[in-house]
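Chains as they are written, first to last, in this note's numbering: chain A, 1 to 284; chain B, 285 to 431.
Derived from the structure by calculation, the hints contain no laboratory data.
Hints should not be assumed to be uniformly reliable.
[To be verified] Below, a sample of chain B positions facing chain A; criterion: calculated Cβ distance under 8 Å:
1. Arg313
2. Val329
3. Ala357
4. Leu364
5. Leu390
6. Pro391
7. Arg392
8. Ile394
9. Gly415
10. Pro418
Built from N, CA and C at the ideal position, the CB exists for glycine as well.
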Amino acid sequence: MDPVSTTAAPSGLLLAGSVASLAAALWLLLPKASDTVASRRLGFLLGAVALSGFAATGRSLGCVGEDAVFLTVAGIAVISGLATIVTRSPVYSAIWFAMTLAGVSGVLLVLGAQFLGVATIVVYAGAILVMFLFVLMLAQPSGMAPYDRVSNEPMLAAAAGAVLLGLLTLSIGRLSAAEPPACCRMPSRAQAVAAASVVAPSTDAASKDDASKDDESATLIAPAQPGGDTGDANEVAHLGAELFGRHLFAVEVAGVLLLVALVGAIAVVSRGEATETDHRREGR
Amino acid sequence: MIPATMLTNALLVGAVLFCLGLVGILTRRNLIVMFLSAELMLQGVSVTLVAWSRYHGDWGGQVLVVFVLTVAACEAAVALVFVLQAFARTGRLDASAWQALREESLPRVIDHELPADDRVVPTWPHLSPAGVLPEGDDSRSLERDHV
């Protein structure tokens, strides 16, 4: 594993070309009045060029090509995300979003967040996306609606999105340039501990506060101590200990939020129906 | 802990997803597709949070993503109820159907030219009915000529 590139910062020309081609591709692909099959094909081509350009920028940042699994799932996520926003049919858009969720879940698994990878599939694709599809089936008029075939200001929005992505890529490149060159190799255990000891004082102070408050919570959050590797087999157990130890109050608040959302959704729907029947009664 | 190169790669993926969702929510007019774009932005943020969390070896980012999931579920439930109510009033999922709520100085959105309906009539797969004997008698071909 040799370093791919010695220059950590992305080359400006490549980045500018990627941004321009991404803006052009988004503009060509978004629903417009002047759509032809040829322009869409050109958009797909330009989109592929732009995405490979950004991948090459990432390669000069780090080493994208090293991890084939990461490259695959990231490609699935990004291409499906692009298809989500440019597809005319909203049902196809929802199904492309499910593919994006699969890709994002793969990215999370590669990153080592096993619980969140599974939760993304279960909660998003299993619950939220099915709810979207239910509403689509309830509310979609027959045939393709005219407002699905036009879009608001596609040129300005495509340019804004591409420029924002270019700026984010620049800042990510500056981020990796500021770090010590460690391209394409895992940090050794000693390096990891040394890096963790930099942020140790604040965490130690926080944990001391916790320890003074409650000994039990201090033992619960023990896995989150610096030096403790988060990529072990007990990832879910450690995440649960952190969630129900340090963030217990936030969990309670999230439960209340779910309840409020449930009650609110039912209240909005049932109130609308009640007034409708009232009108009917008054009419008779 | 993940290496710094993996961190930058994951941050790049999160940035791309966020920007795609931004473009989608700015341009699309279907209310459901706008919400899907918002969810796409949330996914980008989730990838970024998890990448930083794994890079620093701190669980805070992953805990935050759990709450992002929770809030996304709440938001989808409440928002879809409003979308359904809006559809019941106008019969359309069009965001521009509600442009009477715009500010006074903003111009009215008028669809000057609508693209032709280039919908291709789908060719559905042909399913053969089950339980019907095929043409000809194939039963003799299974018999042996001699024992």
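Each hint tested on the structure:
1. Arg313: 4 Å, holds
2. Val329: This hint is violated: Val329 (chain B) lies away from chain A, its Cβ roughly 11 Å from the closest one there, beyond 8 Å.
3. Ala357: Interface hint status for Ala357 (chain B): holds (6 Å vs cutoff 8 Å).
4. Leu364: Holds: closest Cβ of chain A sits about 5 Å from Leu364 (chain B), inside 8 Å.
5. Leu390: Violated, because the Cβ-Cβ distance from Leu390 (chain B) to chain A comes to roughly 12 Å (cut-off 8 Å).
6. Pro391: 12 Å, violated
7. Arg392: At 13 Å from the nearest chain A Cβ, Arg392 (chain B) fails the 8 Å test, so the hint is violated.
8. Ile394: Cβ of Ile394 (chain B) sits 11 Å from chain A, so the hint is violated.
9. Gly415: 31 Å, violated
10. Pro418: 36 Å, violated
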